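> So the chains spell out like this:
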Amino acid sequence: MPKDHGIGASPKRREDVRFLTGTGNYTDDINVYGQAYVYFLRSDMAHGNIKNIDTSAAEAMSGVVKIFTGADFEGVGGIPCGWEITDKNGDAMQEPAHPVLAIGKVRHVGDPIAAVVADSLEEARNAAEAIDVDIEELPAVVDMKAALEDGATKVHDDLTSNLCYDWQFGTETADVDAAFAGAAHVTTLELTNNRLVANPMEPRVAVGDYNRAGDHSTLHTTSQNPHVIRLLMGAFVLGIPEHKLTVVAPDVGGGFGTKIFHYAEEAFVTFAAKACNRAVKWTSSRSEAFMSDAHGRDHVSKIELALDADNNFVGLRTDTYANMGAYLSTFASSVPTWLHGTLMAGNYKTPAVQVNVKAVFTTTVPVDAYRGAGRPEATYQLERLIDKAARELSVDPMALRRQNFITSFPYATPVAVEYDTGDYNATMDKMEELMDFPGFAARRAASEAKGMLRGRGVNCFIEACGIAPSNLVGQLGARAGLYDAATVRVNATGSISVMVGAHSHGQGHETVFPQVVAEMLGIDEGMIDIVHGDTSKIPFGMGTYGSRSLAVCGSAMVRATEKIINKAKKIAAHLLEASEGDIELKDGQFSVAGTDKSVAWGDVTLAAYVPHNYPLEDIEPGLEETAFYDPANFTYPAGAYACEVEVDPETGKVTIEKFVSADDFGNVVNPMIVEGQVHGGIAQGIGQALLENCAYDENGQLLSASYMDYAMPRADDLPHMANYVVDHSCQTPCTHNPLGVKGCGEAGAIGSPPTVVNAVLDALNSGNHDVEHIDMPVSPSRVWEAMNG
Amino acid sequence: MYSFDVERPTSVADAATALGKEDAQALGGGQTLIPTLKQRLASPSVLVSLSGIDEIKGVSSDGGKITIGGGTNHATVAAEAGAYAALADLANNIGDPAVRNRGTIGGSLANNDPSACYPAAALASGATITTNNRDIAADDYFQGMFTTALEEGEIVTSVSFPVPEAASYQKFEQPASRFSLVGVFVAKYADSVRVAVTGASEEGVFRWSEAEAALSGNFSADALEGLSVSGDGMISDLHGSGDYRAHLVKVMTKRAVAAAS
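Here the protein sequences come in this chain order: R and D. Positions 491 to 1279 (the numbering used here) are the ones given, in order, by the first sequence. Positions 79 to 339 (the numbering used here) are the ones given, in order, by the second sequence.
The hints are simulated quantities; they were obtained by calculation from the structure and are not laboratory data. Source: prediction; values computed, not measured. Do not take every clue at face value.
As the list claims (entries may be wrong) - List time: in silico SDA-like cross-link candidates among lysine to any residue, alpha-carbon distance up to 20 angstroms:
1. D:116 with R:588
2. D:116 with R:779
3. R:1143 with D:171
4. D:328 with R:1198
5. D:116 with R:619
6. R:940 with R:1138
7. R:541 with R:610
8. D:116 with R:1198
9. D:328 with R:942
10. D:116 with R:778
11. D:116 with R:781
Produce the complete structure using the sequences and hints provided.
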């Protein structure tokens, strides 16, 4: 019998009432009295020297408040990068300046050149068209390998080259070389992890406000982490101390990583509100989002696997080019390194693993974390490679994986992480059971009878979530801690507000977090609300990304609730005239062990705030506790995924007939929400595998700049729900956080792309077909070309 | 968008007068024009909305012909053009419900997007496009990508389709826009077969005459076996090369013949 409340229950998402009835409060719903609007004049050229910007005609136009260019931001800091990478020679990465508005050069289509603040958006836009900009076009830098050749055009003239860093990690070269030298078989694969645009349903919005009387700035913004924005913008860009700056991220309509970062538009509206003494609002159009939201992925990799005569993995090495775009976005530098290299061992006990990454500047939109961030890139390489090895060796791809699984824990990989727990055979067993493998031959025959090809693909993956232990990431170059924080404020009548550092932008925290507190206290979930997204209300937590909310912020909430329980027991002991050690809390009642004496939760909370009969000599009145939680390790969700596809050999169109995921997320608080997260993640991964492709031409022009050319997954691109099975029954609880949870937000997007592509390649190697390789997105035309190339 | 004036005539005559103004632009369902205006890629001084003109709306069927008012939206065609099932089916698969309830047949034919569906139906059916001034045969009407025989200010008031014995429209969708990457409309009449292809050519919708000849003698997919289409002059973009589109022309034609009813 499933639980109907508390941990393990699936109450409906309480936030959906407002989201589905149009009563949410998104940033664009926020209008400040007297606000002005900004329109950014953006570069339509990929690369060029700014010779002159003449704003005189535009300034005279109707409604114009003020026009800003890069010159107005001299003396203001640039947009910072939050993670310094040390390259293989021990040198710091090359870190270019990232001005709020372009200074001297434009470096990608969409780079903001000038900003017009006006009474209305139309007037701002009209004036922007009247700005006379003289730009001397320079060659675009698009191809990463060409960008690193001698004499290549430099994106940043003051850097020595377009190389941000050349990073090496894992097993020493000599040991890896020895593993390959002794191998019975080596499989090599070169592939591309396609560039993506995150495309949250809500585009970015920022409203800057300034209170002259209090010298206080407020930024309303579409962020996954308002405290991170306050820290970065206040300390590094605008020089505003924390007590003079409030950042509010209200309802946010999806983030997927691209709303983690501090963007120039946020700094601009905050700066301009003070300069104009008037609130300034910016709402991104969808077209602007394509050329100003940080993109995702964009790796080109060569990966090699060495196997011994018994098909044991003995060595793995990778060589990746990672596109940074024109500037370093907030966490861009960490994605291809620490979020990618550390996962390269996968689920396998390969003894020698070495990861090489060259990060490259190009004249394209900056690239940063996107759902999974580095871990999908690692998984995609490894799991495509294992399938290729299985084909070359004519062995069953699942047997090859099982043979090489890590089976005892804790397990320290050659790439610096220690998996605390897991059971990869269990998820594989569950996946096989749900997929009905014995029936595949008949299904393939049925497909072939109607002229179609059928393939099946599998994938195993592991991710490092619950980001992250601060002392570890500090050693690795992070410029911030990655703990989180929660304040549990119990009110006089027993109701509770929990102020959390995590930010919900679709995840359902408002439903899930109260389930945990309600379980601990034995009270109704309806008595508990979550407060998030406003730096003036919440403790200094680091927000939501990296599948961290419940594992890190939830753990802080548990610790704070434990403090509440300890104090409440003291109060109850006083009220019951008993010893504190004899007090038990169950179902919202404090009782004296072995007696029928008890006092209700509400009586204890009332006593805390009306302390007439209260141990004032021992404890303070009130019932409010804060805890910060810094995780001891990452969490390591893992899973086994499978899918079956049909390929139409005449058109190349791929249809996903069935998709199965078997995930180990450790303990699960709200199964319904977990399943929704996995369904959504898989949909995004299917989008990457089959549809999405952010493409530039050789001139640095964005070819996929709208939904006319950028293909998003839609409902009919996915299997019917009956054949879209997500399972989380295999549970090895995390060993080091109090809830035993691992995180579920990114798994689907990590595990699904290689599953789909492996299935397509299986289909394209059936019958008399033998397609060795295909890159994502596996579009109809690419399939047809691979088959007829 | 830039600011503009809007006129909402209720008769074709008033619309024609309004369109005589400088920089006036007819507005059908707005499925192409409104996004273009929002991008500031067009700046008409007057938009003349045709959506209030009842005389150019509706579907009627008579003596082997089906006539559709130029202002009729796709959803209405899908619902009411059952006498020409392939045409109703085509209308029912344009865009999404919002597009089908706004977009009009006249607007689609006047715009002549090289990936639009209706031009294939009109050309394959040998339709007659009637304007406020004249009748234009489909073979004379389509003059290349976004180009038609329409004169400045001329309004498509109706389109008349001879109903074939059998027909089918097969669309292979471009994955992002879901316009036709290649769409083929095959219509079999007593004396001939007509095959029109949209989405593929840089010249816009065209008739595949070799296929028409082959199918006129033997209306079966097998009749197309020996034929091939050249990739020269075909659109080549992110979603497929000219050769791929040329290949799809044949695949979709065979499927249309097989599905024709």
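> Among the hints numbered above, which are violated by the structure, and what are their numbers in rising order?
1, 4 and 7
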